[in-house]
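Q: Chain by chain, the residues run as shown.
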Amino acid sequence: MENYVTKMCDNGTIAVDDTILVKDVQATAGSRILEGFKSLFSAEAVVRLEDKGYKISGKTNVGEFGLDLVGEFSHYAPQAGQLKGAAASLVESGEVKAALAVDMNGSPRRAAALSDVDFLKPTYGTVSRYGVISCAASGEQIGVYAPDAEGIKEIMSVIAGHDDKDGTSLPDATYNYSVDADVKGKKVCIVKELFDKADDVTKAKVNAYADALRSIGVTVDEISCDLFEIANTAWQILMSAETCNNVSRYDGVKFGHRSSTYRNIDELYVNSRTEGFNFLTKAVILYGSDVLSKNRYKDCYDKSLRVRRVVAEGIAKIFESFDAILTPVCSAVSYDAYDIHEAFGKVFAESEFTAVANLIGIPALVSGGVQLMGKSFDESTLLSLAHSVERKGE
Amino acid sequence: MNMNYELVIGLETHVELSTESKIFCSCGGHSAAKEPNDCVCPACCGMPGMLPVMNKRVVELAVTAGLMLNCNINRYTTFDKKNYYYPDLPCAYQITQLNHPICTDGCVTLKTSSGARDIRIKQIHMEEDAGKLVHGGNSSYVDFNRTSVPLIEIVTQPDFRSAEEVITYLNKLKNMFRSGGISECEEGAMRCDVNISVRPEGSEEFGVRTEIKNMSSFEAIERAIRYESQRHIDAIEFETEELVQETRRFDDVSGKTFAMRNKETEADYRYFPDANLMPIIIDDEWLEQIKAAKPAAVDEKAEQYREAGISDKEIDMILANHKITTLLDDTVALGCNAKDAAGWILTDCMGILRKAGKAPNELDVTAENLTAVIRMVNDGKINRNAGKKVLIAMIEDGADPVEYCKANGLDKQVDSSAVEGIVDSVIAANAQAVEDYKNGKVKALQALFGACMKELKGAGAPTVIKNLLESKLK
Chain A
1 MENYVTKMCD NGTIAVDDTI LVKDVQATAG SRILEGFKSL FSAEAVVRLE DKGYKISGKT
61 NVGEFGLDLV GEFSHYAPQA GQLKGAAASL VESGEVKAAL AVDMNGSPRR AAALSDVDFL
121 KPTYGTVSRY GVISCAASGE QIGVYAPDAE GIKEIMSVIA GHDDKDGTSL PDATYNYSVD
181 ADVKGKKVCI VKELFDKADD VTKAKVNAYA DALRSIGVTV DEISCDLFEI ANTAWQILMS
241 AETCNNVSRY DGVKFGHRSS TYRNIDELYV NSRTEGFNFL TKAVILYGSD VLSKNRYKDC
301 YDKSLRVRRV VAEGIAKIFE SFDAILTPVC SAVSYDAYDI HEAFGKVFAE SEFTAVANLI
361 GIPALVSGGV QLMGKSFDES TLLSLAHSVE RKGE
Chain B
1 MNMNYELVIG LETHVELSTE SKIFCSCGGH SAAKEPNDCV CPACCGMPGM LPVMNKRVVE
61 LAVTAGLMLN CNINRYTTFD KKNYYYPDLP CAYQITQLNH PICTDGCVTL KTSSGARDIR
121 IKQIHMEEDA GKLVHGGNSS YVDFNRTSVP LIEIVTQPDF RSAEEVITYL NKLKNMFRSG
181 GISECEEGAM RCDVNISVRP EGSEEFGVRT EIKNMSSFEA IERAIRYESQ RHIDAIEFET
241 EELVQETRRF DDVSGKTFAM RNKETEADYR YFPDANLMPI IIDDEWLEQI KAAKPAAVDE
301 KAEQYREAGI SDKEIDMILA NHKITTLLDD TVALGCNAKD AAGWILTDCM GILRKAGKAP
361 NELDVTAENL TAVIRMVNDG KINRNAGKKV LIAMIEDGAD PVEYCKANGL DKQVDSSAVE
421 GIVDSVIAAN AQAVEDYKNG KVKALQALFG ACMKELKGAG APTVIKNLLE SKLK
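Chains as they are written, first to last, in our numbering: chain A, 1 to 394; chain B, 1 to 474.
Hints are not guaranteed to be accurate.
Label pairs and their computed distance ranges (CB to CB) [stated by the list, open to error]:
hint: 1; chain 1: B; residue 1: GLU403; chain 2: A; residue 2: ASP51; range: 45 to 53 Å
hint: 2; chain 1: A; residue 1: LYS254; chain 2: B; residue 2: GLU403; range: 50 to 58 Å
hint: 3; chain 1: A; residue 1: GLN26; chain 2: B; residue 2: TYR84; range: 25 to 33 Å
hint: 4; chain 1: B; residue 1: GLU396; chain 2: A; residue 2: ASP164; range: 38 to 46 Å
hint: 5; chain 1: B; residue 1: GLY28; chain 2: A; residue 2: GLU320; range: 35 to 43 Å
hint: 6; chain 1: A; residue 1: SER178; chain 2: B; residue 2: ASP268; range: 22 to 30 Å
hint: 7; chain 1: B; residue 1: GLY28; chain 2: A; residue 2: ASP199; range: 16 to 24 Å
hint: 8; chain 1: B; residue 1: ALA259; chain 2: A; residue 2: GLU267; range: 19 to 27 Å
No lab work stands behind these hints: they were computed from the structure.
Treat the numbers as computed from the prediction; the structure is a model and nothing was measured.
A virtual CB, placed ideally from N, CA and C, is assigned to each residue, including glycine.
Model the full assembly from the supplied sequences, consistent with the hints where possible.
A: Encoded structure:
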């Protein structure tokens, strides 16, 4: 599998996924609709890394607009056999020390779990979204892949912080990430409803991680919470609606793919978009368009906004008693290639483990093939828990 | 059937705001553009990766407009996206306000031939403008200069009962917004959608409503209302056609309206909140700042000028231009007489600009400098002619009035000793006139005065010369 859409240099240490802009380099978001589009500027996160002397090795393949499981439906590198994330593979093999990826619907978290590297989706508003090919503005964040928690801390310390160019970037914020917080006595919970959705191998993995936590003085309890299923449904509705709207600018008029056959402006739009988007994106566009339509708005989109608030309140309650939630990231430890016509349903089902973090903006860290979710701005607790487990294994 | 019909009209007026940059990016306003796509950036071209960042000035101008129209200012205001495809709309959505507009429930009083009329304002919301298509030959071109230029849309209740009221309202908005620095309201910067229906006089029910879209000339609006209302009455009276609720376009050449699209194909804009723009909270402190900076209402101001003895015609000229209004008010604040200052601005400054082929908007004189000139003239330090010369130098070369007078010897004559020699020589050379004056012929003094001015080449200070002559001929 080719990991890069565009390789920029051989001695780079950071890879960025192809939904993140780098000046003068093609940016496709894995889609044919953006074929040949070169950005006039670099994403804020990229600029911050380059300012500190990090070199970008290239743009890694992503599934079209980050909508699939782990990047299997990139127009530029469709996958066969066992699925792997491109950026996660580069970090796993040690070709780069870290990689940036946009987490909109859990794709990089799943890829990290399959490759057994770490990935942090930070708190919403922490890393500037300036220069992200945006799909779901209300929940997408740039996150970091690294071999371990320390690697994530290093890169997060560079890219996090307020940016005037992003209205959703939190004002006056500085972040201090730590992997050394005392974890003894911390409380972690496993949510039964999510745990039960995974296969036995995955369950064993979560249990092993819980044991590792216990062995360093962390208490792990099982709780029951029925919010995750509805959180996922709400996020799929919001995410589809926002994506439908944000990709509507790709119309063949200004840049990217334009159909060679059209007789009028409507055909230019329809043919360019029909040829430019893959089946999964089209499904998301239709779904998103439907939930925003006059007759459905109140029952779908508007209700999802209200669910978002209810879920945020419910999860905040959990964090009154626990420091972190431990869950599976995927229902299985590996995925095989599958037909794109099944993608919408498959992604919907798998996103139940990941969607809540996108929906309400809390941080989620994948490490050792499992997921730790925490309170907003409490990345340090998650990183310190993971770091303690990682050091124990050494 | 000889029924009398009543017209019912509601207006949606789009007004382009006078800000230095666009609503969500730092591009200059399109009025600065010389070529198509001069004022564009990745953000207003809809390129991926760019995010809208709110222009604070837009909020302030929208609130100011709301205060002028006696609206409630909503302290929590949000933006929504309106989806539709058109090549001049680069993102395929427009950022506008649906759920929480910035101002609601206002009212404006009109003076019409039939007395005072109150028009209720339903809401004012902020939004971005679209670009422009240019068609030529077999191709169409897109110009994004106007894309994301800030607009406010003022929506009234259906309270107008005649075309006259509509035009009076629009003129009032225009004057208000110009003098308040909200908009220049130039050709095309104020665009109207007119919602119109008719009903039998006395009826409480509304008739079938049509909407005539996007008109910018007041004359066209008046003609369109006249044509459309007659079309409605004919349809009811003579059953010439069945009225349907629809959007229409006014054709300036034929003077008729035509259906644009009907209900079956009416677009669903799929409005939803824009997650890139956080809700705007207008706190007390900010609102007070905006209120303090808000110029007096046009009516209040006009009354104030009228009391100062300024003519109605001059008041219209002053209120039509924000720069003039501000300059006049600032000059008065520095202690000048309002009528006097208005004369200097409207007659002298504007005359100089006209001669130089410049627009009134290019007036670049500070209130301090104008006050200095008016003071020098009123104190008799220089005469009015010299004052005008100073003004020309100020406007054309940015000269400092006091420095200019010194450098060009205009203030030499202020010192009576310098003028004294000339006055003495004039008295010596005009024995007859001196004799006449001493014998009671007051007019003779005028001749002597004229002779002095001639010697001084018109630069003498009248009061100084007059005082000298009088004291010497006592």
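Q: A separate judgement is required for each hint: does it hold in the structure or not?
A: Results for each hint:
no.	hint	in the structure
1	B:GLU403 - A:ASP51: 45 to 53 Å	holds (49 Å)
2	A:LYS254 - B:GLU403: 50 to 58 Å	holds (54 Å)
3	A:GLN26 - B:TYR84: 25 to 33 Å	holds (29 Å)
4	B:GLU396 - A:ASP164: 38 to 46 Å	holds (41 Å)
5	B:GLY28 - A:GLU320: 35 to 43 Å	violated (51 Å)
6	A:SER178 - B:ASP268: 22 to 30 Å	violated (50 Å)
7	B:GLY28 - A:ASP199: 16 to 24 Å	violated (59 Å)
8	B:ALA259 - A:GLU267: 19 to 27 Å	holds (25 Å)
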